[in-house]
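S.K.: Next come the chains, spelled out residue by residue.
Protein chains: 2
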Amino acid sequence: MPNSGVSKVLVAQGGGPTAVINQSMVGVVLEARKFQQVERVYGALYGIRGIVDQTFVDLTQETTQNLEMVAETPSSALGSTRDKPDLKYCQAIFRALKAHGIGYFFYIGGNDSADTVRIVAAEARVAGYPLRSIHIPKTIDNDLVGNDHTPGFPSAARFVAQAFMGINLDNRALPGVYLGAVMGRHAGFLTAAATIGRKFADDGPHLVYLPERAFEIDRFLSSVKATADKYGRCVVALSEGICDNQHVPIANLLASTVEKDAHGNVYLGGGPLADHLAKLVKEKLGYKRVRADTLGYLQRSFVGCVSDVDQREAREVGEKAVQFALWGDRDGSITIHRTGDYFVEYRLTPLDEVAGKTKTMPDEFIDGAGWDVTDAFRGYLRPLLGKGMSDAGRLRHSAVPKIVDQGD
Amino acid sequence: MPNSGVSKVLVAQGGGPTAVINQSMVGVVLEARKFQQVERVYGALYGIRGIVDQTFVDLTQETTQNLEMVAETPSSALGSTRDKPDLKYCQAIFRALKAHGIGYFFYIGGNDSADTVRIVAAEARVAGYPLRSIHIPKTIDNDLVGNDHTPGFPSAARFVAQAFMGINLDNRALPGVYLGAVMGRHAGFLTAAATIGRKFADDGPHLVYLPERAFEIDRFLSSVKATADKYGRCVVALSEGICDNQHVPIANLLASTVEKDAHGNVYLGGGPLADHLAKLVKEKLGYKRVRADTLGYLQRSFVGCVSDVDQREAREVGEKAVQFALWGDRDGSITIHRTGDYFVEYRLTPLDEVAGKTKTMPDEFIDGAGWDVTDAFRGYLRPLLGKGMSDAGRLRHSAVPKIVDQGD
Chain A
412 MPNSGVSKVL
422 VAQGGGPTAV
432 INQSMVGVVL
442 EARKFQQVER
452 VYGALYGIRG
462 IVDQTFVDLT
472 QETTQNLEMV
482 AETPSSALGS
492 TRDKPDLKYC
502 QAIFRALKAH
512 GIGYFFYIGG
522 NDSADTVRIV
532 AAEARVAGYP
542 LRSIHIPKTI
552 DNDLVGNDHT
562 PGFPSAARFV
572 AQAFMGINLD
582 NRALPGVYLG
592 AVMGRHAGFL
602 TAAATIGRKF
612 ADDGPHLVYL
622 PERAFEIDRF
632 LSSVKATADK
642 YGRCVVALSE
652 GICDNQHVPI
662 ANLLASTVEK
672 DAHGNVYLGG
682 GPLADHLAKL
692 VKEKLGYKRV
702 RADTLGYLQR
712 SFVGCVSDVD
722 QREAREVGEK
732 AVQFALWGDR
742 DGSITIHRTG
752 DYFVEYRLTP
762 LDEVAGKTKT
772 MPDEFIDGAG
782 WDVTDAFRGY
792 LRPLLGKGMS
802 DAGRLRHSAV
812 PKIVDQGD
Chain B
412 MPNSGVSKVL
422 VAQGGGPTAV
432 INQSMVGVVL
442 EARKFQQVER
452 VYGALYGIRG
462 IVDQTFVDLT
472 QETTQNLEMV
482 AETPSSALGS
492 TRDKPDLKYC
502 QAIFRALKAH
512 GIGYFFYIGG
522 NDSADTVRIV
532 AAEARVAGYP
542 LRSIHIPKTI
552 DNDLVGNDHT
562 PGFPSAARFV
572 AQAFMGINLD
582 NRALPGVYLG
592 AVMGRHAGFL
602 TAAATIGRKF
612 ADDGPHLVYL
622 PERAFEIDRF
632 LSSVKATADK
642 YGRCVVALSE
652 GICDNQHVPI
662 ANLLASTVEK
672 DAHGNVYLGG
682 GPLADHLAKL
692 VKEKLGYKRV
702 RADTLGYLQR
712 SFVGCVSDVD
722 QREAREVGEK
732 AVQFALWGDR
742 DGSITIHRTG
752 DYFVEYRLTP
762 LDEVAGKTKT
772 MPDEFIDGAG
782 WDVTDAFRGY
792 LRPLLGKGMS
802 DAGRLRHSAV
812 PKIVDQGD
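Protein chains in written order, with the numbering used here: chain A, 412 to 819; chain B, 412 to 819.
Next comes chain A alone, as it looks inside the complex:
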């Protein structure tokens, strides 16, 4: 065993923050502090950038009380990064890890972060440096392969579900057409969550557009019209990542300038997309009250809208990561598997099975016509949302007969 002696643990957080990413970090810290062979638990500030820069903090000196408070706080407490390491970057990582005697590296993030862990682990093997590298899953997009779902998604889904419950009620009081753009580059899971609060047959969102199906402007407009004709209003949930039949994001088609991150991902602001489609609805269909919102960064960081199931599981993936690394002495990615209704177990999956890959909504979750989701999806999502989901009331409306003929 390469790490049989006393060694240090390093934990870092990468990619977009979530509401529960600190649960995983605290899970690593508290579990690692139990092992006698762990001399210190370090955190790197701002992800792998902090490893290269050696901006380490000693988490062994944090109180348990404060760690628990941080665990309840959304967004990466250690800071994050979107850096993607090349060979030179990795060599700098090793110099830092080696110099500080790090034997266990835990990186909490999405599929890009998993790929970073894969590269670091491979380079460690080549360099003969004794290092266990574990990727801990996190993403609100829910797009990691090999996972039933990923920590961060359930809380973001709860936010989107509650947002659209309110939006539907608002739109019912002041009828019109409403477009709400939801995060999700390639996977529509989060947008699909907008449907979970529907209770009555006329509740919105009435139309749901996912990146998994080609978006056609004409069909969109005729669907909005058909819905407005039927209900006198229309609520649309659309993914920021919707594409045309050539797989070109609609947002890119409309954007005047394109911004890319270090991973080559185009930055998708939903704002222009939703605003542009709202303008189209107004112009082509002639509706007067057409409104558009982009749910934006609130989806991943809103304070006070968290799934307790998500909190628990995010803690567990951190804890399990340490157990796999310290007892199992293997590299890998922690994956979540549903084994009961509702229960999960955690496995250590080879990094190359998860890294850089993207899971999308399976066909059985998407309604045939492509603008709604199925009961199978709702059955999948409901247990993830946790306790205390709100329920919407409605008056029973005993109509009073009219008396006067107002004429006009």
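In short, the hints are calculated from the structure, not lab data.
You may find that some hints are simply not true.
Heads up, the list lumps identical chains together, so a pair's fine if it works in one copy or across two of them.
Here are the simulated DSS-like pairs of lysine-lysine, each with C-alpha atoms no more than 27 Å apart in a straight line [what the hints assert, rightly or not]:
#, residue 1, residue 2
1, Lys798, Lys695
2, Lys768, Lys798
3, Lys445, Lys509
4, Lys445, Lys610
5, Lys495, Lys690
6, Lys636, Lys610
7, Lys770, Lys499
8, Lys813, Lys445
Once you have looked at the hints, place chain B on chain A.
M.R.: Just chain B now, with coordinates in the frame of chain A:
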């Protein structure tokens, strides 16, 4: 007393929905059902439009259980309207009220709705029709004169506060410039609420722009730069209603088309405003990561982010409205007055003191420089937000000394 005989009660909801507007409606219904001289309690669907159209529902037939569930549900359960009545409209209202034997009219809404009640009450007097007309306050903008604050504002403020707590944490993890646009046409109360979650000296929002102070692009850009130089990041909360020194809304200056409602109010979408300012920051200051969100309709209808103080008071204004009308036999607007820390009492204020007028942030709530709020404001807001406000944790960061010189 004109209404000493048996009579009917009519309640309606006007203007933009809030998270607690149904508390006031249910407060009216449950209290009115206690009075022997009340034969029936009707609700008008879609505000005064529903009076003209006689689309009444008999709320006397609603169960108490269902009313309580509706009370907990955001957005006007009876539907709303933005109609502003002219004389002809008012005459149609009277025909309907008279035909249905309505003796008590309760209208829940903002200053435009108060003005509607004022006109209806005046026309009733002229027509010699025995009608008690009461305006029940509601607005997330908190801009009704004669009130310490208005129902709906505390819950919306709680949403904005929790949103910016999360946004600040997100921005701290992935530093950059962030602009968040908050609702508020003339009054900056809701935007100012963005500051309430600040806990550490470097917490955002670092800059707060209110409609009460002229917005100058150059000063804005230099303030963003100064903040980014100091903290390496900058979070801005700005009101959709910010104006230049000629009182022209910045949003209007940027909008290609202008949409007005029946009250002549320009529809302010914050989206183009925030997006345009973000573009300016990127171009003029050269920052790479600049993001903009518009909090949009979520602010007034989000399910599951409600102040219990707001719920209680919204219920009370409905209950008091019935008591004033049935015992006091006067028209008026229910107003909220702070009489303790924290305690309120309710008064019946003449309609013309409230109707059509707009309260804005007093000078003592705005920091001298104009881009922050004062402790006086925070002391004013805190008790309104209710129980269970979230608190943000932070690691204490015991730095580990660097070992290797990475050179690059």
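S.K.: Would you mind marking each hint as holding or not holding in the structure?
M.R.: Outcome of the hint check:
With identical chains, the CA atoms of Lys798 and Lys695 are never at most 27 Å apart, being 43 Å at best within one copy and 47 Å at best between copies. For the homomeric pair Lys768 and Lys798, neither the shortest alpha-carbon distance inside one copy (31 Å) nor that between copies (43 Å) is at most 27 Å. Proximity of Lys445 to Lys509 under the C-alpha cut-off of 27 Å is restricted to the intra-copy arrangement: shortest distance 23 Å within a copy versus 78 Å between copies. Proximity of Lys445 and Lys610 under a CA criterion of 27 Å is satisfied in neither setting, with 47 Å inside one chain copy and 32 Å between copies.
In this homomeric assembly, Lys495 and Lys690 come within 27 Å of each other (Cα to Cα) only across copies, at 26 Å, whereas the closest approach inside a single copy is 38 Å. Proximity of Lys636 to Lys610 under the C-alpha cut-off of 27 Å is restricted to the intra-copy arrangement: shortest distance 22 Å within a copy versus 48 Å between copies. Proximity of Lys770 and Lys499 under a CA criterion of 27 Å is satisfied in neither setting, with 30 Å inside one chain copy and 60 Å between copies. With identical chains, the CA atoms of Lys813 and Lys445 are at most 27 Å apart between copies only, with a shortest distance of 26 Å across copies and 74 Å within one.
The structure does not agree with the numbered hints 1, 2, 4 and 7 stated previously, though it agrees with the rest.
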